[in-house]
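Chemist: Take the sequences, apply the hints, and build the full model.
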Amino acid sequence: MTWYYWLAAASLLINVVILLIHIFRLTTSGKPTDFSKQRGKLTPAIAFAFSGAMSPTRKESAFLHLPTYIAGIFYHLGTFTAIFLFFFNLAQISVNESFSRFIAGFLMISAVSGIGIILKRLFVNRLRALSNPDDYISNILVTLFQIFSVFILFDDAWFSAYYIVVSLLLLYIPVGKLKHAVYFFAARYHLGYFYGWRDVWPPKKF
Amino acid sequence: MGELSKDKIEKGIEVFKNQKDSKLRAHINSCVHCGLCAESCTYYLAMPDAKFVPAYKVDLVASVYRRYCTLTGKVFPGLVGARKLDDATIEEMVDLLFGACTMCGRCSTHCSIGLDISFLVRTGRKMLTNMGYEPAALQTSVNTALETGNNMGISDTDFIETIEWLQEDLQMEVNDDQAKIPLNEKGKEILYTLNPREPKFFPLSISAMAKIFYAANESWTISTKMYDITNYAYYTGNQDESKIIVKRLYDEMENLEAKKCVLAECGHGSRAFRWEGPNVIEKAYPFEVLTSVELIAQYIRDGRIKLDPEKIQELVTIHDPCNLVRSGGIVQEQRFIMENAVKNFTEMTPHGIENYCCGGGGGQLAMSEYNERRMKIGKLKADQIIKTGAKIVASPCHNCIDQLAHLNSTYKLGIQAKTIAEIVADALVLE
Chain A
89 MTWYYWLAAA SLLINVVILL IHIFRLTTSG KPTDFSKQRG KLTPAIAFAF
139 SGAMSPTRKE SAFLHLPTYI AGIFYHLGTF TAIFLFFFNL AQISVNESFS
189 RFIAGFLMIS AVSGIGIILK RLFVNRLRAL SNPDDYISNI LVTLFQIFSV
239 FILFDDAWFS AYYIVVSLLL LYIPVGKLKH AVYFFAARYH LGYFYGWRDV
289 WPPKKF
Chain B
21 MGELSKDKIE KGIEVFKNQK DSKLRAHINS CVHCGLCAES CTYYLAMPDA
71 KFVPAYKVDL VASVYRRYCT LTGKVFPGLV GARKLDDATI EEMVDLLFGA
121 CTMCGRCSTH CSIGLDISFL VRTGRKMLTN MGYEPAALQT SVNTALETGN
171 NMGISDTDFI ETIEWLQEDL QMEVNDDQAK IPLNEKGKEI LYTLNPREPK
221 FFPLSISAMA KIFYAANESW TISTKMYDIT NYAYYTGNQD ESKIIVKRLY
271 DEMENLEAKK CVLAECGHGS RAFRWEGPNV IEKAYPFEVL TSVELIAQYI
321 RDGRIKLDPE KIQELVTIHD PCNLVRSGGI VQEQRFIMEN AVKNFTEMTP
371 HGIENYCCGG GGGQLAMSEY NERRMKIGKL KADQIIKTGA KIVASPCHNC
421 IDQLAHLNST YKLGIQAKTI AEIVADALVL E
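Residue numbers (my numbering), protein chains in the order written: chain A, 89 to 294; chain B, 21 to 451.
Since the hints were made in silico from the structure, they are not lab data.
Model, not experiment: these values are computed from the prediction.
One should not assume that every hint holds.
Okay, derived cross-link-like pairs now, DSS-like style, lysine-lysine, Cα gap no bigger than 30 Å in a straight line [to be verified]: (1) A/K119 / B/K40; (2) B/K411 / B/K326; (3) A/K125 / B/K37; (4) B/K267 / B/K280; (5) B/K407 / A/K292; (6) B/K331 / B/K363; (7) A/K293 / B/K326; (8) B/K303 / A/K119; (9) B/K71 / A/K208.
Modeler: Structure follows, in structure tokens:
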């Protein structure tokens, strides 16, 4: 085991502990309470919040921005793939060559999507006005993570740089906006709860 | 840059503490600044400036949260865009949270993450109000309601006189001396509320509802002590004042021993009393609360009133009030009523929970300093109306009706803006 392997493992541990603290704080902040008389059903509304409400057929932020939406989907799937690959690496499980090529191809598409998202943030006025350093750092770290994940699939020499990037990313996640990985689920749940309680979601046909 | 006192800052950030559940924590930590909400906002669509993007408005609140409530924001404010509460921040917050958001919630349903953006904007308004920065004009409406019992400052004498002549009119119209607009009668099935704009400017909408109650042979009353359904403290975010207003109607329901509280056609009032009210007073209502739109739909279904759609030949469309529809789930009822009350009906695009705000929500009609913006964003609604070719725009909200009237004169729409009750009253068949 190399020092950078242990660095990444330690970073993972720190990351998990801090995210667990976030989860603990969220869950102990209390369940939604509403004294008004419930009009709709919660379960279908919450399910809709995580499904139909996010689909490009309904969500303007998706269907009015299809290229960004698709890039975002690839980018997130690429991130999950790179995370799985990281766990494989930590567990010292090797991936066979043809599967490596497939993953590498996919990660390259997602990394290009990530670069596209960074460029969009840099060049679209309204996005630049919205952005702070955290937006760029988060985007760059995740994209680098994906790029280095491709490198290590074909050349072990990149492992030291890869583990350093992974460590930086893991330590940074709880600091900035990347922690939306935790809060996203709670936000969608609350939105589904809100609209379900009042019988707005799931939408009715009329 | 003007610094704020420590006490004032404490009052401001108090809104982030003592939350009863995880909603605020979840939403305020979730925005990724993707900016894809821009096109879902009427302000951005009318004035494509970065500051009108909903995420920008959210970030004003979230950046203050990060600065005072997160370790990273305290240690590295520049890294995460954490903002100090100072004069410049306050000025921008007042301008954008009060003056550039109707809290219509359209952006929330389209947010890529699922943030309740109008909830966060209201949290920002609460923060500003706690510090004493609520717009004076909006607060005046609240003060008038607190001092006189209604936001228009109508005296009891004027109100009773108005109701009396409306009653005489009703008796003549239905040709029945026994037809009544009952005041302060105990033990009735329904306590009916009003938007004070009705007795002040639109008395015919009271007549319309009275005619419907008469046709349905309903047991109902109006309280002279507390008939005001509006609650502008909901818009300023002042919970204590909102509580006083909610509690007054709650107490009057108990005092008059009514079984149901029927809310007049007022979007924010319905929301403030039906949905937010029980949470503000922290207890469930022991009586039923429903909107007049639901009640009228029920009358039609039950055969308690009969309508003749041939009486209204003009093309009619519906403007959906955001608070009643997107935040209240009243979507089908007004359409069911229109199916029965008018011959020609058409929908706007988009409509229902996808509707665009008319521009009058969020207290905008009470804040004259933002009139120019209000009319600009209303252009979107005006264009929607023009595309339908409708001559009558029905809307179950007096604030919306007011804004539609302003749009009508500014953009020369040539329409009539009517409440649902007014249309139903016109189509009523009295036997």
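Chemist: Each hint needs a verdict: does it hold in this structure or not?
Modeler: Consistency of the hints with the structure:
1. A threshold of 30 Å between alpha carbons decides the hint, and for A/K119 with B/K40 the separation of about 8 Å falls inside it, so the pair holds.
2. For the suggested pair B/K411 and B/K326, the alpha carbons sit about 24 Å apart, so the restraint of at most 30 Å is met.
3. Between A/K125 and B/K37 the alpha-carbon distance is near 26 Å, which keeps this suggested pair within the 30 Å criterion.
4. Restraint check for B/K267 and B/K280: the C-alpha separation of about 16 Å stays at or below 30 Å, so the hint holds.
5. Taking the CA atoms of B/K407 and A/K292, the gap is about 25 Å. The hint holds against a cut of 30 Å.
6. Between B/K331 and B/K363 the CA atoms are separated by roughly 8 Å; this keeps the pair inside 30 Å, and the hint holds.
7. As the CA atoms of A/K293 and B/K326 are separated by approximately 26 Å, the hinted pair is consistent with the 30 Å bound.
8. Distance restraint check for B/K303 and A/K119: the Cα-Cα separation of roughly 17 Å lies within the 30 Å cut-off, and the hinted pair is therefore satisfied.
9. For the proposed pair B/K71 and A/K208, the alpha carbon gap of about 18 Å is at most 30 Å, so the pair holds.
Hint compliance for this structure: every hint is met.
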